[in-house]
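Visitor: Spelled out from the first residue to the last, the chains are:
There are 2 protein chains.
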Amino acid sequence: MSYYLGIDLGGTSIKAGVVDHQGRVVAKSSAATHGKDGPDAVLKDIAKLAATIVEQAKLKMDQIQAVGIGSPGPIDFENGRLASAPNLPAFRDVPIRDRIAAATGRPAFLENDANAAALAEYWIGAGQDPKIRHLVALTLGTGIGGGVVVDGKIVHGGFGNAGEAGHLIVMPNGRLCGCGQRGCIEAYASATHTAKRAAEAIEAGETSTLTDVTTKQNRALTAKDVFDAAKANDALALRIVDETALYLGITCVSLCRLLDPQIIVLAGGMVEAGDFLIDKVRQAFTSQNWQMAKPRVRIVPPQLGSDAGLIGAAAVAWNAQASSTTASQASP
Amino acid sequence: MSYYLGIDLGGTSIKAGVVDHQGRVVAKSSAATHGKDGPDAVLKDIAKLAATIVEQAKLKMDQIQAVGIGSPGPIDFENGRLASAPNLPAFRDVPIRDRIAAATGRPAFLENDANAAALAEYWIGAGQDPKIRHLVALTLGTGIGGGVVVDGKIVHGGFGNAGEAGHLIVMPNGRLCGCGQRGCIEAYASATHTAKRAAEAIEAGETSTLTDVTTKQNRALTAKDVFDAAKANDALALRIVDETALYLGITCVSLCRLLDPQIIVLAGGMVEAGDFLIDKVRQAFTSQNWQMAKPRVRIVPPQLGSDAGLIGAAAVAWNAQASSTTASQASP
Chain S
1 MSYYLGIDLG
11 GTSIKAGVVD
21 HQGRVVAKSS
31 AATHGKDGPD
41 AVLKDIAKLA
51 ATIVEQAKLK
61 MDQIQAVGIG
71 SPGPIDFENG
81 RLASAPNLPA
91 FRDVPIRDRI
101 AAATGRPAFL
111 ENDANAAALA
121 EYWIGAGQDP
131 KIRHLVALTL
141 GTGIGGGVVV
151 DGKIVHGGFG
161 NAGEAGHLIV
171 MPNGRLCGCG
181 QRGCIEAYAS
191 ATHTAKRAAE
201 AIEAGETSTL
211 TDVTTKQNRA
221 LTAKDVFDAA
231 KANDALALRI
241 VDETALYLGI
251 TCVSLCRLLD
261 PQIIVLAGGM
271 VEAGDFLIDK
281 VRQAFTSQNW
291 QMAKPRVRIV
301 PPQLGSDAGL
311 IGAAAVAWNA
321 QASSTTASQA
331 SP
Chain Z
333 MSYYLGIDLG
343 GTSIKAGVVD
353 HQGRVVAKSS
363 AATHGKDGPD
373 AVLKDIAKLA
383 ATIVEQAKLK
393 MDQIQAVGIG
403 SPGPIDFENG
413 RLASAPNLPA
423 FRDVPIRDRI
433 AAATGRPAFL
443 ENDANAAALA
453 EYWIGAGQDP
463 KIRHLVALTL
473 GTGIGGGVVV
483 DGKIVHGGFG
493 NAGEAGHLIV
503 MPNGRLCGCG
513 QRGCIEAYAS
523 ATHTAKRAAE
533 AIEAGETSTL
543 TDVTTKQNRA
553 LTAKDVFDAA
563 KANDALALRI
573 VDETALYLGI
583 TCVSLCRLLD
593 PQIIVLAGGM
603 VEAGDFLIDK
613 VRQAFTSQNW
623 QMAKPRVRIV
633 PPQLGSDAGL
643 IGAAAVAWNA
653 QASSTTASQA
663 SP
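Protein chains in written order, with my numbering: chain S, 1 to 332; chain Z, 333 to 664.
Any given hint could be a false lead.
Now the in silico label distances, taken between C-beta atoms and shown as ranges [unchecked claim]:
#1 Z:463 with S:273: 41 to 47 Å
#2 S:293 with Z:366: 39 to 45 Å
#3 Z:607 with S:12: 35 to 41 Å
#4 S:58 with Z:626: 46 to 52 Å
#5 Z:354 with S:105: 53 to 59 Å
#6 Z:372 with S:24: 54 to 60 Å
#7 S:12 with Z:352: 57 to 63 Å
#8 Z:625 with S:211: 39 to 45 Å
#9 Z:393 with S:279: 56 to 62 Å
#10 Z:357 with S:273: 58 to 64 Å
The hints are simulated quantities; they were obtained by calculation from the structure and are not laboratory data.
Each residue gets a CB set at the ideal place from its N, CA and C atoms; glycine is no exception.
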């Protein structure tokens, strides 16, 4: 039996778990992230959490194969450093990988959380079948996060910035994205922009049951509002959801042309609330896909639930050790 | 000194070469492809050609590390079979890899020509620097061919169809592509479609010096006509070329977001005739690229000239042996 330690470092909490080689969570715990106290304090808390759960799992630290850390990006993979993170403003070029390796005495690997989520699904989620070696994961939330697995390894690219599928351009000179580009899929199909597109249409004078929310409830629209209205056959909401599905379908086609994955995982609240969106994405994909060969990719929701973050972090350790990877490793 | 045998199988000719481990062509020869005589005859000709050039290089066949074959696609990589090829209609599910391995007594590897071209540039062309491990190559011709190198290996994908960058969608519900999709980059920026877009604009009544070609010379426009007119400041031609550059720039941005390559090679007559197009693509790329980080990718023309096909085929053998690859190998 092999064990991995997964640490999911977020802006508000740190989740840690001992995960076995089949991805089962043997022990887990969490703590608040005292980000304002600075990296030293946070790293100390992580080390304490790690020691606690290893004991809780009735193991010794040297029975842990490796430690994986999932953190907000951008990451300097070569040196295992967290370059910066909007949710952790006190973290600037912090050598997290080496500090955790030193604190635990185990090999450590640092990965961004979107890539860790993709690895989790590859390891024991939607891509668990050993025949699956190529997978792309997209998480539709405030933004759109992405992770690309090619031949069993996460792709970092030449400068550590690969996998940003949310910033594939789907519309020339289209909507302005937070990244500065125009026409990113994120600027159309994230939860935020799906709600925004509906709000803009209403502001432009289109009629919809959604005006109840904006005028009577006097609050901003959410993606959930739009999906609820679409399910109740509101014409505007349906059009907005269909457009979200179309752009996602086109993105899936482009992913297939370039990378030919066996699985595309679509995650996030809009997808996981039911089959409404993913069915529409599959339809859009089929209608937009080339006619040269029948599509064999499966477009699926994620299989991992609330422990996805720490399983993803453990998956980073597993994947880095399972392959002669370019991942960011530090031996203690 | 290691030697590889490269065989570039085309619809009209077979080119073969002995290439050393630094990519230098030691001996080469070619023969007509008697495609109509069927696979057996063609494979016999290939074997004869192989024996001839090995002798010409003053080597014995067992001094050849491996044989690489570049052929038109689609290929069944797992079994090393050419599934079909428009230029070689008599070839249907032909086990080229195993037949060549048996004929030469050397390990053989089969790859499609677009991927072989990408590997050639990766090996000893624009991506020769050993620090370069991530490269994408696009060839703008009748269509747009592509090849993707991730971490030093060509990407085949889950079903053998990766690298088809010409069919990334750049315009939702856009121009119809030969593949059946709408809005592929190929349907805008291939040489064929660049000429077509100009012809369509003229047919729609726009004025241009290009009407001289269509009316006085009474022939169809070529991409070269459009580029010549653009260089002479014809407004319509300039707009068409600028649009070609814009769509290619957007495609390069999307490639960077997903794969973060160090090098993007743009090949084909439109690029290799001079800096006119590639300069415009670089400008479009810079203006469309995100603001999160300065772009570090280099967008460059290919470095290999007329021997690119057979060097590409040899590169397939080199790359397959240099890496524990999933490439299609047959030991004799």
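Visitor: A separate judgement is required for each hint: does it hold in the structure or not?
Guide: Tested hints:
1. Z:463 with S:273: 41 to 47 Å: Between residue 463 of chain Z and residue 273 of chain S, where Cβ atoms are some 45 Å apart, the hint holds.
2. S:293 with Z:366: 39 to 45 Å: violated, 29 Å
3. Z:607 with S:12: 35 to 41 Å: This hint is violated: roughly 51 Å between Cβ atoms.
4. S:58 with Z:626: 46 to 52 Å: At 50 Å between Cβs, range holds.
5. Z:354 with S:105: 53 to 59 Å: Taking Cβ atoms as reference, residue 354 of chain Z and residue 105 of chain S lie about 45 Å apart, which means the hint is violated.
6. Z:372 with S:24: 54 to 60 Å: holds, 55 Å
7. S:12 with Z:352: 57 to 63 Å: Roughly 59 Å apart at Cβ, these two residues keep to the hinted range, so it holds.
8. Z:625 with S:211: 39 to 45 Å: About 41 Å separates the Cβ atoms of residue 625 of chain Z and residue 211 of chain S, which means 39 to 45 Å holds.
9. Z:393 with S:279: 56 to 62 Å: For residue 393 of chain Z and residue 279 of chain S the Cβ distance comes to about 57 Å; the hint holds.
10. Z:357 with S:273: 58 to 64 Å: holds, 60 Å
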